[in-house]
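K.L.:
Mind docking chain B on chain A? Use the hints.
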Amino acid sequence: MSAISKDEVIRVAALARVALSEEEVARLAGELDAVASSFARVNSVVTADLPATSHPVPLANVMREDKPGPTLDVEELLAGAPAAEDSAFLVPRILGEDAAS
Amino acid sequence: MNNFARSEIATASGDSLIRSTAAQQAAALAAGDISSRELTRLHLDRIAAVDGAVGAFLDVDAEKALAAADAADAARRRAAEADESLPELTGVPTAVKDLIVTRGQVTTAASKILEGWVPPYDATLVKNLRAAHLPILGKTNLDEFAMGGSTEHSAFGRTANPWDLGRIPGGSSGGSAAAVGAFEAPVAVGTDTGGSIRQPAAVTGTVGVKPTYGTVSRFGVIAMASSLDTPGPMARTVLDAALLHDVIGSYDPLDSTSLPDAPRGMADVVRAAQAGVDLTGLRVGVIAELDGGEGYQRDVVDSFHQALGLLEEAGAAVQTVSLPHLEYALDAYYLIMPAEASSNLARYDGMRYGLRVEPAEGPVTADRVMAATRGAGFGDEVKRRIILGTHVLSAGYYDAYYGSAQKVRTLVQRDFAAAWQQADVLVSPTAPVTAYRFGEKDDPLAMYKLDVTTIPANLAGVPAMSLPSGLSGDGLPVGFQILAPQRADDRLYRAGAVLEQMLENKWGGRLLAQAPELEVQ
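Protein chains in written order, with our numbering: chain A, 4 to 104; chain B, 865 to 1385.
Don't take each hint at face value.
Stated by the list, open to error - Calculated lysine-lysine pairs in the DSBU-like style (CA-CA distance at most 35 Å, straight line): (1) A:K9 <-> B:K1313; (2) A:K70 <-> B:K928; (3) A:K70 <-> B:K991; (4) B:K991 <-> B:K928; (5) A:K9 <-> B:K976; (6) B:K1313 <-> B:K976; (7) B:K991 <-> B:K976; (8) B:K1313 <-> B:K1370; (9) A:K9 <-> B:K1305; (10) B:K928 <-> B:K976; (11) B:K1370 <-> B:K1305.
Note that these hints are calculated values from the structure, not bench results.
One chain only, chain A, in its complex shape (with noise of 0.2 Å):
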């Protein structure tokens, strides 16, 4: 099983979009491996064949009629977020200075 080194973590946490401090990423690094390496036991056990459960009950998606009911309050619903304009949460820019030129 591959470790879990610095650059994984640095990688990792790219993906998840999580700033880490360098002092976090070495100390991520080592608890993950050792947690990591402890739990990839489950390859030993299992075989090609065997399915796999993701869930403890059958799921059936949930249905209903499509027809307009209540909503939650726009003002109420705003009032949590970090900043809102004209019924609308307002939000940074999506694209970086780069993609935007």
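P.N.:
Then chain B, alone, in the frame of chain A:
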């Protein structure tokens, strides 16, 4: 039925009433000996007196609780006039884990990323509590996003164990367990992803139940690992847990995993069991893989075996049952849980609610704001699980980690299916050790390993209960775990009620009566 006459309430300043059970409090309300407003006020006073030391609550809203109590009193008056019946717990206050959203009341999941967030809607189970008129005293502390087994991993300070303020109350529902154990709330709601109701119940001398997955709605329960999370009742007695279970459990079209025909009438099962105290014909299977060994405290195992003796005395047939793949259950859980958590926690992006932090330098774009927000808003344990979860789901590792873990889940479920051929209920100690001191388990792997006894029930979606079986040599509570097949929650309540009654006869009262007095401020 009702042990509390009005004069007693006056002379004892309500102390005996708040130390009674929810069922006794409900009886006092039904008899008109006390109003819900008075009862709620007594609990708010108790919180004010002891919670500085216990730290069970993150938020207490006395005004809302008293308004709900007034509504409960009005509902009782209306029902009396119309000769209608009400839910038994009408007017009995409760506490709710702060992982569960409450409209108009701060909900944080004990995380800085949600600090101060006021939800615009109620969780379905909270709607059920409100419909049954249980005033919500406040929101209880937890490990951040329910990640932890000690309530040390809250962004807003730790909760202490009422039995010893230097020790952990278990987790992640440690606030709910401590509130019930410290007589701040008669009942409370928790959530259980890998044991987060049962283990805190065990270490605080209380009763906790993880119902069958899908029988209590997860709508409005802040998601950690969706295929494992299960809300449930925490209480001082098996009957109280049953009464709360009957209130919060319901089919919910807003939760795609909700089961349409959830088991009902748990309180009736308990009362019938208490009347008979007989388990003749019940086949009890002791889980061989969870019956002591490395990592188990000796007196925890001794307490477990003494309780087994009582089950036999009540007529149960006790035998050992092996679930051979349980040795891989912990491994599978700690791959599945962070994988699901990393996906669920992607919604904390600093855009629509909660914290927003701009990067210290460079352009202010959405992805950079998201990374800065999550870096600043999440605590160590949450970051650890998000990084691990993203790693095990990423290309090249998916099959080896997450895929294999899902297959182990199949093996564990097959083990349980085979075990139910031999036994009606399965039993084990709830936790391998009693409450440890703060800071004693700072190694993540060591902490994770303590969940070995509780995790199998979550992987299989089966119901499980923890009830007190006695005290260890160091005077701390020990928990006894009972598991049943999916939808057979009634078996937990039947066996639990009989065992509880036999233990209380032996002790001459409830175990919680032996808890040390908390210094009242």
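K.L.:
If a hint holds in the structure, say so; if it does not, say that too.
P.N.:
Taking the hints in turn, this is what the structure says about them:
no.: 1; hint: A:K9 <-> B:K1313; verdict: 25 Å, holds
no.: 2; hint: A:K70 <-> B:K928; verdict: 34 Å, holds
no.: 3; hint: A:K70 <-> B:K991; verdict: 23 Å, holds
no.: 4; hint: B:K991 <-> B:K928; verdict: 15 Å, holds
no.: 5; hint: A:K9 <-> B:K976; verdict: 26 Å, holds
no.: 6; hint: B:K1313 <-> B:K976; verdict: 27 Å, holds
no.: 7; hint: B:K991 <-> B:K976; verdict: 26 Å, holds
no.: 8; hint: B:K1313 <-> B:K1370; verdict: 33 Å, holds
no.: 9; hint: A:K9 <-> B:K1305; verdict: 24 Å, holds
no.: 10; hint: B:K928 <-> B:K976; verdict: 24 Å, holds
no.: 11; hint: B:K1370 <-> B:K1305; verdict: 34 Å, holds
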